[in-house]
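J.: In the order they appear, the protein sequences are chains A and B. Numbering-wise (the working numbering), the first sequence opens with residue 1 and increments by one. Numbering-wise (the working numbering), the second sequence opens with residue 1 and increments by one.
It cannot be assumed that every hint is accurate.
[Stated by the list, open to error] Some, not all, of what chain A presents toward chain B, calculated at C-beta under 7 Å:
#1 ASP13
#2 ARG14
#3 SER20
#4 GLU22
#5 ASP24
#6 ARG28
#7 HIS33
#8 ILE34
#9 LYS40
#10 LEU44
#11 VAL52
The set of hints was computed from the structure by calculation and includes no laboratory data. Just so you know, these numbers come straight off a predicted model, no measurement behind them. Beta carbons: idealized from backbone N, C-alpha and C, even for Gly.
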Amino acid sequence: MVTKEEAPNLEADRNLVLSSLEHDQLVRAKKHHIPRRILKGPELAVLWTLRVYLLFMMAVVIYQVWTAAH
Amino acid sequence: MSVGSQPPQTNGIAGDEVVVITHEDVDRAHDRVRVSEARAHRGFFHGARLLWLLVGPGILVMLGENDGPSMLAYAATGAKFGIGFFLPFVVLTFVMAIVVQEMTVRLGAATHRGHAELIFDRFGPFWGWFSMIDLAIGNFLTLITEFIAIRAGLGFFGVPPWIAVVIALAILYGALMSHRYWTWERITLAAAAFNLVFIPVALMTHPHWHVVGHALITWHPLPGFNKDVLLIVLADIGATVTPWMLFFQQSATVDKGLTTKDIHFGRIDTALGAALATAAAVATILATAPLFAHQMTADNFQAAEFAQALQPIIGRFGASLFALGMVEAGIVASITISTSSAYAFGEVTHKPHSLNLPMRQGKAFYSVLTLCAVAAAGIVLIPGLPLVYVVLLVNVVAVLAMPPALVFLFMLVNDKEIMGDLISPPWANVLASGVVFILTAAGVLFGVSVIAPNIFAALGGK
Chain A
1 MVTKEEAPNL EADRNLVLSS LEHDQLVRAK KHHIPRRILK GPELAVLWTL RVYLLFMMAV
61 VIYQVWTAAH
Chain B
1 MSVGSQPPQT NGIAGDEVVV ITHEDVDRAH DRVRVSEARA HRGFFHGARL LWLLVGPGIL
61 VMLGENDGPS MLAYAATGAK FGIGFFLPFV VLTFVMAIVV QEMTVRLGAA THRGHAELIF
121 DRFGPFWGWF SMIDLAIGNF LTLITEFIAI RAGLGFFGVP PWIAVVIALA ILYGALMSHR
181 YWTWERITLA AAAFNLVFIP VALMTHPHWH VVGHALITWH PLPGFNKDVL LIVLADIGAT
241 VTPWMLFFQQ SATVDKGLTT KDIHFGRIDT ALGAALATAA AVATILATAP LFAHQMTADN
301 FQAAEFAQAL QPIIGRFGAS LFALGMVEAG IVASITISTS SAYAFGEVTH KPHSLNLPMR
361 QGKAFYSVLT LCAVAAAGIV LIPGLPLVYV VLLVNVVAVL AMPPALVFLF MLVNDKEIMG
421 DLISPPWANV LASGVVFILT AAGVLFGVSV IAPNIFAALG GK
């Protein structure tokens with residue numbers, strides 16, 4: 001946040017910010033989380049495919065690191 | 001500090017709403033005022049000024065991806081296969097990069113949120129943390145390779161490794177010191193412009209332009225199909241689109257303050273960056289093509305070795321430019337990649353994350369950025385560093401990160417709740433899904449080839 005020392009011309013800065021930035025561009029507005037997406041069938045399937053893919057690839061990576069270490 | 005009286009003009013904020021502004025808001029507002037002033041006027045000069053004000057993330061991401069390992073991949077392409085199929089192929093890979101990166105511009109301008117933050121909020125903490133950690137590991141390993149390129153490039157001039165590393169860190173730190181996104185962006189753009197030194201190097205080799213034109217139009221001569229060709233094809237694709245690019249451009253678009261009105265210029269920025277990066281990549285292939293004509297082997301060539309090999313052909317000055325180009329590639333990428341890690345960390349942990357932050361307010365952001373760079377630079381100074389193993393890990397981690405990053409990008413850009421009318425039209429989705437499929441498949445194949453090199457022996461290769 002802006003203190004008096006950092007921004008002596010606070011009123012002018014405030015007017016500048018409010019006239020130049022969109023509401024959701026403000027740092028304050030970005031502190032709010034965007035609601036979680038409600039996933040449907042195909043989207044859930046995609047995410048589960050990604051999970052399986054990641055498990056497989058992580059196993060491959062661990063095997064690779066282990067092989068290289070020995 | 002809260003300010004509660006009537007604002008004159010509120011951009012969607014109710015007149016009696018308490019508004020909190022920060023230093024970051026004020027800096028961004030100053031940048032937006034200049035954009036509004038330029039937009040208010042017509043004419044060539046004001047149009048050019050508006051373009052100048054709005055370009056940045058696209059050029060940086062494309063020239064940033066022309067990093068040390070990428071330029072080595074292009075150099076190896078020219079040295080091993082000469083002028084032919086790979087010239088138009090590299091152009092095509094940058095077209096694919098435009099398709100992917102354009103989506104990040106729209107996402108950033110429409111939501112004013114970074115890629116990691118959107119994944120975290122829309123798909124939950126598991127995917128949010130996974131994306132951030134995977135990106136951080138991949139970026140850190142890539143940073144090591146960037147400092148290796150810097151060390152090797154400056155080594156051509158006899159600069160000791162520790163001085164090379166200190167020079168790179170000083171440039172990175174110097175860009176950060178302004179604590180203004182705008183200044184950081186302009187300093188990094190100025191450094192990135194040196195990526196184009198590969199063009200005069202290519203001209204010094206006196207390329208046969210009719211052969212170059214023939215290759216670009218006909219994609220001939222074809223290199224033949226074997227394991228080596230497949231690997232270099234996959235490496236060139238991997239040299240063009242990587243996970244950090246998605247995260248960086250979206251975060252930089254947000255930090256720059258671009259809005260939906262600026263998407264057109266964001267697209268021009270991305271296309272311009274791709275054109276410049278293509279020119280540098282094609283020039284690198286042309287520059288090292290004489291090594292192919294002279295039947296020199298390019299296997300295991302590092303940056304300085306390419307420059308040394310080219311010296312009898314283009315002279316000391318040309319070879320020096322080539323080595324400087326490698327240094328520049330490493331420095332710019334180290335700046336952009338470490339920044340993308342810091343952005344992602346701030347987005348997922350909801351700590352302040354902006355290059356407009358004063359040091360006091362952005363301790364976490366600047367600490368992550370600096371720590372990543374300093375640690376990677378320090379590792380490079382370790383004697384007997386197993387470079388091959390680091391490169392292998394970079395590729396593997398990129399393979400892990402790329403499919404999720406692309407899938408989430410595609411899902412987010414078609415998310416009507418956050419994108420509104422800016423979701424992709426059907427034709428764009430067909431194009432984007434094709435590109436996403438190709439990039440994902442190429443990444444997986446490349447990963448498999450790195451993990452199990454003999455698997456492609458069945459293709460009849462060497």
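J.: Compare the structure with each hint and give your call.
T.: Hints versus structure:
Checking ASP13 of chain A against chain B by beta carbon gives a least distance of about 5 Å; that is within 7 Å, so the hint holds. At about 5 Å, the closest approach between the beta carbon of ARG14 of chain A and any beta carbon in chain B falls short of 7 Å, and the interface hint on this residue holds. Hint status for SER20 of chain A: holds, given a least beta-carbon distance of 4 Å to chain B, under 7 Å. Against a cut-off of 7 Å between C-beta atoms, the interface hint on GLU22 of chain A holds, since the closest Cβ of chain B lies about 5 Å away.
Interface restraint check: ASP24 of chain A against chain B, minimum CB-CB distance 5 Å, threshold 7 Å, status holds. Against a cut-off of 7 Å between C-beta atoms, the interface hint on ARG28 of chain A holds, since the closest Cβ of chain B lies about 4 Å away. Annotation: HIS33 of chain A was flagged as interfacial toward chain B, and the flag holds, the nearest CB pair being 5 Å apart, inside 7 Å. Taking 7 Å as the C-beta contact cut-off toward chain B, the hint placing ILE34 of chain A at the interface holds, the least distance being around 4 Å.
Look at LYS40 of chain A: its Cβ only gets to about 11 Å from chain B, farther than 7 Å, so that hint breaks. Proximity of LEU44 of chain A to chain B is violated relative to the hint, the smallest CB-CB distance being about 11 Å (cut-off 7 Å). Taking 7 Å as the C-beta contact cut-off toward chain B, the hint placing VAL52 of chain A at the interface is violated, the least distance being around 11 Å.
Hint violations for this structure: numbers 9, 10, 11, all remaining hints satisfied.
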